[in-house]
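Line by line, the protein sequences are chains Y and V.
According to my numbering, the first sequence is numbered sequentially starting from 2.
According to my numbering, the second sequence is numbered sequentially starting from 261.
FYI, nobody ran anything at the bench for these hints, they're computed from the structure.
Note that CB positions come from ideal geometry on N, CA and C, so glycine has one too.
Treat the hints with care, as some may be off.
Pulled from the structure, derived: some chain Y residues nowhere near chain V, Cβ distances all over 10 Å [claimed, not checked]: (1) M23; (2) L69; (3) F81.
Taking lysine-lysine and the DSS-like style, the derived pairs with C-alpha atoms no more than 25 Å apart in a straight line are [stated by the list, open to error]: (4) K63/Y <-> K287/V; (5) K299/V <-> K281/V; (6) K106/Y <-> K284/V; (7) K285/V <-> K63/Y; (8) K68/Y <-> K285/V; (9) K284/V <-> K63/Y; (10) K395/V <-> K106/Y; (11) K67/Y <-> K390/V; (12) K299/V <-> K6/Y; (13) K6/Y <-> K285/V; (14) K281/V <-> K9/Y; (15) K281/V <-> K63/Y; (16) K63/Y <-> K395/V; (17) K7/Y <-> K284/V; (18) K281/V <-> K106/Y; (19) K281/V <-> K68/Y; (20) K163/Y <-> K284/V; (21) K281/V <-> K67/Y; (22) K390/V <-> K106/Y.
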Amino acid sequence: MSLFKKFKAPLLLVLVYVALAMWWPEVSGRSTKVAFDYLQEMILIIPPVFVLMGLLEVWVPKETIKKLIGAGSGLKGLFFSFLMGTLPTGPLYVAFPMAGTLLQKGAKISNIVIFLGAWAAIKIPQLLVEAEFLGLSFTALRFGLTLTAVIVIGLIMERLIKSEDLPEIQEQREGR
Amino acid sequence: MTTIMVIYSLLAICLVWSLLKSRKKTKQSFIVAARALWKMAPGLLAIVGVVGLILGLLPPEIIARLVGEEAGFLAATTAAILGAITLIPALISFPLAASLLRSGATVTTIAAFITTLVMVGFVTAPMEIKALGRKFTLLRNGLSFIAALVIAGLMGVVLG
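One chain only, chain Y, in its complex shape (with noise of 0.2 Å):
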């Protein structure tokens, strides 16, 4: 595959970005600040964090996420899941590529979304900023029903989706 097809959305986002500097400059000072701003949060973020999903695919054996995450790791393994999600480790994007390297090792579906659900709504230093701008009844209603929500949906997907449906499946069957 080309390096310009590869890269062919954002090389086209830096197309729409130079319209609308053309055209509408006021859109086009606040999506440049905003998008410099992430691009900096990302350099920062994302090698650390794709160097612990390498060491995490080197390192950890199959049987050890099987048995810490896996089928039949019942409420030992749903506990687990959510304290690896509650690790201040950056935003919920960060997190997709790490939960697929767990479920190609063997995690339970449902312990894959608790995993996704509690590091996108349930981040311990995210809590804090929460009660201090809502009040703490709001943020722990909300924990508690966020928690409640995240392990219903978990329970939902493992009856709904089949192995099949997983990227890596499909990959192999590909023949790649």
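Model the placement of chain V on the given structure of chain Y, informed by the hints.
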């Protein structure tokens, strides 16, 4: 800032441990990381671009105008949709939500906005599909969106 410190400390501990145990495996980890990063790079850059565009078109003041004035199911749904398509860091979204509350938005609206903001990711969906599959992504985001509306409704009843 805390986030960055925690990630780098975690990485430092793991790397030292890994290097002490095996240099070869450590090198292998870096290769795995570089490959995954290269695979994900277009998606990550696209996220940066799209987030910039969305927040350029919908700055916090406009979001405030869209969700701040009305109440009820429609306002909550609008707030939930805005939360799903935008990607605002928590440190900015909570003060924004607090100011919306003061200017008259209901608890339900705010809860809908914050819950979809953190749980549903429209912009990040292509990346999620690549890592976890289409069905997983659609179900997780769809169910989270519905859950957000339910959570918002319940919070409105309890706190409103």
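Now the hints, each set against the structure:
1. M23: holds (14 Å)
2. L69: holds (17 Å)
3. F81: Label holds. Min Cβ-Cβ 17 Å, cutoff 10 Å.
4. K63/Y <-> K287/V: Holds. K63/Y to K287/V sits at ~20 Å (cutoff 25 Å).
5. K299/V <-> K281/V: Given pair K299/V, K281/V is violated - Cα atoms ~28 Å apart, limit 25 Å.
6. K106/Y <-> K284/V: holds (21 Å)
7. K285/V <-> K63/Y: Answer holds: K285/V to K63/Y is near 16 Å, not above 25 Å.
8. K68/Y <-> K285/V: holds (23 Å)
9. K284/V <-> K63/Y: The hint holds at about 19 Å.
10. K395/V <-> K106/Y: Distance of about 19 Å is within 25 Å: holds.
11. K67/Y <-> K390/V: Status holds; Cα separation ~22 Å.
12. K299/V <-> K6/Y: holds (13 Å)
13. K6/Y <-> K285/V: violated (33 Å)
14. K281/V <-> K9/Y: violated (41 Å)
15. K281/V <-> K63/Y: holds (19 Å)
16. K63/Y <-> K395/V: It holds: about 24 Å lies between the C-alpha atoms, which stays within 25 Å.
17. K7/Y <-> K284/V: Not OK: K7/Y and K284/V at ~30 Å, beyond 25 Å, violated.
18. K281/V <-> K106/Y: Roughly 22 Å between the alpha carbons, so the hint for K281/V and K106/Y holds.
19. K281/V <-> K68/Y: holds (23 Å)
20. K163/Y <-> K284/V: Answer violated: K163/Y to K284/V is near 36 Å, above 25 Å.
21. K281/V <-> K67/Y: holds (23 Å)
22. K390/V <-> K106/Y: Given pair K390/V, K106/Y holds - Cα atoms ~17 Å apart, limit 25 Å.
Of the hints listed earlier, those the structure fails to meet are numbers 5, 13, 14, 17 and 20, in rising order.
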